[in-house]
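Participant: The residues making up each chain are set out below.
There are 2 protein chains.
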Amino acid sequence: MPMPSLIQLGVGQLPVDRSFSVAITGMGGARLERGVVRFVAELSRQTGMFLQQKPVGSANPTLRIHAVHGSEKAQELSEDESYELVISQSGAKLTAANPLGILHGLQTFLQLVEITANGFAVPVVTIKDQPRFAWRGLLIDVGRHFIPLDVLKRNLDGMAAVKMNVLHWHLYDNEGFRVESKRFPKLQEAGSDGLYYTQDEIRDFVAYAHDRGIRVVPEFEMPGHSRSLFAGYPELASGPGPYTIEPGGADAVMDPTREETYKFIDKFIAEMAKLFPDDYFHIGGDEVNGHQWDSNPKIQAFIHAHGMKNNQDLQAYFNERLQKILSKHHKIMMGWDEVLHPDLPKTVVVQSWRGQQSLATAAQQGYSGLLSFGYYLDLMWPASRHYAVDPMSGAAAALNPEEKSRILGGEACMWSEWVTPENIDSRIWPRNAAIAERLWSPPEVQDPDSMYERLGELSWRLEWLGLTHRSALIPALHRMVGTDDIGALRTLAETVEPVKDYTRMSSLKTTWDFRAPLNRLVDVARPESDQAQHFKNSVQAYIESSYTDRAAEGEIRMLLTIWRDNDRRLHPLLEQSFLLHELAPLSEDLSTLGTDGLLALDYLDKSAPSPESWRSQTLAFVEPAKTPKADMLLMVVVPVQQLIEASAGEVVNSNRK
Amino acid sequence: MPMPSLIQLGVGQLPVDRSFSVAITGMGGARLERGVVRFVAELSRQTGMFLQQKPVGSANPTLRIHAVHGSEKAQELSEDESYELVISQSGAKLTAANPLGILHGLQTFLQLVEITANGFAVPVVTIKDQPRFAWRGLLIDVGRHFIPLDVLKRNLDGMAAVKMNVLHWHLYDNEGFRVESKRFPKLQEAGSDGLYYTQDEIRDFVAYAHDRGIRVVPEFEMPGHSRSLFAGYPELASGPGPYTIEPGGADAVMDPTREETYKFIDKFIAEMAKLFPDDYFHIGGDEVNGHQWDSNPKIQAFIHAHGMKNNQDLQAYFNERLQKILSKHHKIMMGWDEVLHPDLPKTVVVQSWRGQQSLATAAQQGYSGLLSFGYYLDLMWPASRHYAVDPMSGAAAALNPEEKSRILGGEACMWSEWVTPENIDSRIWPRNAAIAERLWSPPEVQDPDSMYERLGELSWRLEWLGLTHRSALIPALHRMVGTDDIGALRTLAETVEPVKDYTRMSSLKTTWDFRAPLNRLVDVARPESDQAQHFKNSVQAYIESSYTDRAAEGEIRMLLTIWRDNDRRLHPLLEQSFLLHELAPLSEDLSTLGTDGLLALDYLDKSAPSPESWRSQTLAFVEPAKTPKADMLLMVVVPVQQLIEASAGEVVNSNRK
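Protein chains in written order, with our numbering: chain D, 1 to 657; chain C, 1 to 657.
Derived from the structure by calculation, the hints contain no laboratory data.
Here the structure is a predicted model, which is why all the values come from computation and not from measurement.
Please note that a few of the clues may not be correct.
One copy or any two copies: either way a pair holds, since identical chains are not told apart in the list.
Unchecked claim - Lysine-lysine pairs mimicking BS3-like chemistry, simulated, CA-CA at most 25 angstroms apart:
| hint | residue 1 | residue 2 |
| --- | --- | --- |
| 1 | 186 | 54 |
| 2 | 182 | 54 |
| 3 | 128 | 629 |
| 4 | 536 | 186 |
| 5 | 536 | 324 |
| 6 | 263 | 328 |
Generate coordinates for the entire structure from the input sequences, incorporating the hints supplied.
Facilitator: And the structure:
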């Protein structure tokens, strides 16, 4: 995963044993060699064998690598990423135009390694592969909650595993400025709680990403979303201030009417342009709220004096000035879809977040663009829903080929209102891999069942990279229970998901506070419950078999029994821990569903229709069980409802026809 | 854990909420401040709250810290490590003579934090604490299998959590030399497979340890166990060579008759003495096998010419020379108990590994000493067995006070024949904490039940430090099964333990090969099965209750049922994976035990004596089930045997009296 564009499966296998070796022919280079050392280290971890890490000059390597060209200093958007991997029973050969293609091919090789009755092996296969889109990104917001570099690095490893090639680094927001500026040190000093990246760290991080075939595109939000910037430099703002990063601070926007603003930006970008070697530079530009501009008479006067109609025109003026500064520093400007304005040059890249229409409109007007609408990981959607979103679908489907060629790809977005170093992996993975496949694989690859099967496989393999999307749940449950016995809480945790979309934010009773602890069950509950999915599939199989599938029935009965008995085990714990109090209604609901589901199963098992009165009574309970509690949804309600409804008997007969 | 020497529990609690703050009064210093920042970061992780990491100057901190003196540049053995922690409902105060005591007290504070119905809190308490022994060490062998620094660092964090204060770093052995020498670069170049620590890395690591109150004592094995050293410098050896680090290489010992040997050692120690600031320097000295000396006529001639009786005298001569070199470089020499010889000065520290007698003998002769016999973690003993070993017991019990004062403490030893970066945490933790308690707490603290209760609690808390002693099992099981469904294998894995003592090594059919993969179940099975312990306790409780304890019976029945059914689930997987083939007999045994145990339980439940013929038949199966299979022991055999025996009925009656 992502599925290659062409696979020809052969017969037999190539063993991967302790004699495994790699040789590099063609262009080498330090980046490629480091990639090979990393590859062998990962293969060692995957197999538990001590393998020779350095490439050999051997005449008979297990894997021969051949890159036609060497690495460019900075990776470019247009780089050829294709590779060809040919595995026979006697050896494997990986060929690519560039080291980048080799890196992708090595990831494919790692995914092909399987355990067999005789040892580890890869199948005999020929793979020819290249990406559908050149821009396959993940945005990580480190402004709202700081994410340390070791956590980001393991996510880069995960991105490389699914062949994503851009980290879009959202480096500040109202709550914190995360980059050291030597020119304007008050940016990080007043604009953060001490949690920011030094320039040395950033250089190291960018090199780490480059080694893994990942470009780092920085985002510096202008003119809005930048209160943390005004904490040190209030003179840049459109309102009088003072500004702090404390929770609940007022909205604030840069003053685009003062020349000092552009002088500051020029110097700041000069510094950042050196730190981030990528050609592209993201200036944000979204959600510019007009309040401060409206209430500043000087700004309104400026608008009228320059013949502008409104705040939008003022932002376009600002963006034009910004674009010239970026151009001077050899950067291509990117912005969120609000920046779209006829005054902007066509070199600007537009990132669509409010809908697919803006991407199509931009392409029609001659702008290059990226899709992020539909790829917001923070909305807690199931992977299949992201997977169904295609940059070329919707309004884009009607574009002509030239316009279509302007759609560069897309980016998954990990906004961090509810994200911490502890839970971020579980918010990104494994769902991000479904988006990665959408952006890499041919458009015909779209069967969600196949995707989920491969996603489940990939998910545990991603753990080899140090990602904690599965394992981080355990220490969090221990924290909540306060003892070693987390069994009952885990049972509940595996049946729930966080509420979707912006429900959690909109149900807040007070202003969102970025310093509030994120230690509730909702903060570690997985966005997509494997167990609920599994239960749903079992119920589906049982119903479709007209209640004859005994394996499915056994599975259903086992889970319902565990759930029925779980509240009795969990209840005593709920009272002892303040973090568990809120779970009482969910726990009771789960047990009731277990009881009702078992009764329904008994009726179905005996082919005896359930009494109407019992059904209406239990179904009346089901609806309230669907409502969010403690900001979570119980994901097993609908399949239980199906069992209860099926127990009426009529449905049984109609299904049997 | 370790249990403090004095605890006075009060009434009430001090809340630990998001306003938590720390103030430092008295002597500060960068080491103490970093310790406080780390403490708050750990508290943040433990509670999931975003806490202010920097110490405040506030008039009303939650925790006030007062150290009388500042830090010494290098930590000394004799340093006062005591602290006093007073927690009231309004605040806490931690006082110590030195920053080292403060560091210990902060660890105690972290362990006191618990979750309550109203929030996180620490109890009102007064603790006065100091260690029983000044030397509380852990040896880690990185020679046989290289262990990366990040893995070692998280183990330092674990050591700090249980107040251990010495890392004994066994830096080379026959299989690899792990330190960069600038003076003698062939040491690491010819003597390792490229896996060694650079001098910069070592300096950083020693500083990391110092920050956590841990001294780093290097061990350089001389004259034996040093084949990797001869790979680059064969002229130092007693035999002609050539020498490599390849598996199966011959035993080799330094030539103590040549002056060049001492010149080399002098220069080498001069370099290493600067790298490792600790006063102590370990020269190994164990297991000097006489073969090479016996077969070298020049060496034998030297022995006779100098009036020595045998090889032991020659080693004593070598040690004397070595001791003078170390003394010149201001180091105190340490060695394993073989170095004990009347010709050595009394400053030498003796580490007993062959028995407790040598420690007592050394103390009687005026040498300081450490106990490691009984603390070998690689022997896979239960924690309780290590816990029962006391440096002052055995032969040492008869020493007079002055002699006793020469016993400095002890060291747990993690020899790495079967250890990898993946499984090392599970070999060290949590059992090492029992040894840490033995060395810190008063000698009266020795109840194994209390120890196990606290050890279970500590074990999950250690996960906050990044230790993987629990979590690393999961990816390893995925590797072996090759799919997402590891349930059945996990059930088996949780009932077994690796064989004990040196059984695994002695049952090898070929020479031990340090490059052989360590990816079998025995390599990740936990040294002490929590589940077997839990099952045993339940059976114990059930029998002691005269079969009336329904909770225990339910627990027993549930586990036996899972085991009975497990082989049916696991068997199909065993055939598909070469790493699982060997588990078939174990899996069958477990299921048979489940079946037999359930039958016994039914007889007991009905108070109907089981038939003699059935009993003798099933008990005949039990004995072979106790023998090692696939280098593992099934740990649930004995409790099932007890159930079967109890089902005879007579025992029931005698128990009921």
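Participant: Next step is simple, just say for each hint if it's right about the structure.
Facilitator: Do the hints match the structure? See the list:
no., hint, in the structure
1, 186 x 54, "between (45 angstroms within a copy, 18 angstroms between copies)"
2, 182 x 54, "between (39 angstroms within a copy, 22 angstroms between copies)"
3, 128 x 629, "neither (49 angstroms within a copy, 46 angstroms between copies)"
4, 536 x 186, "neither (54 angstroms within a copy, 62 angstroms between copies)"
5, 536 x 324, "neither (55 angstroms within a copy, 75 angstroms between copies)"
6, 263 x 328, "within (13 angstroms within a copy, 64 angstroms between copies)"
In terms of the numbered hints stated before, the structure departs from hints 3, 4, 5, listed from lowest to highest.
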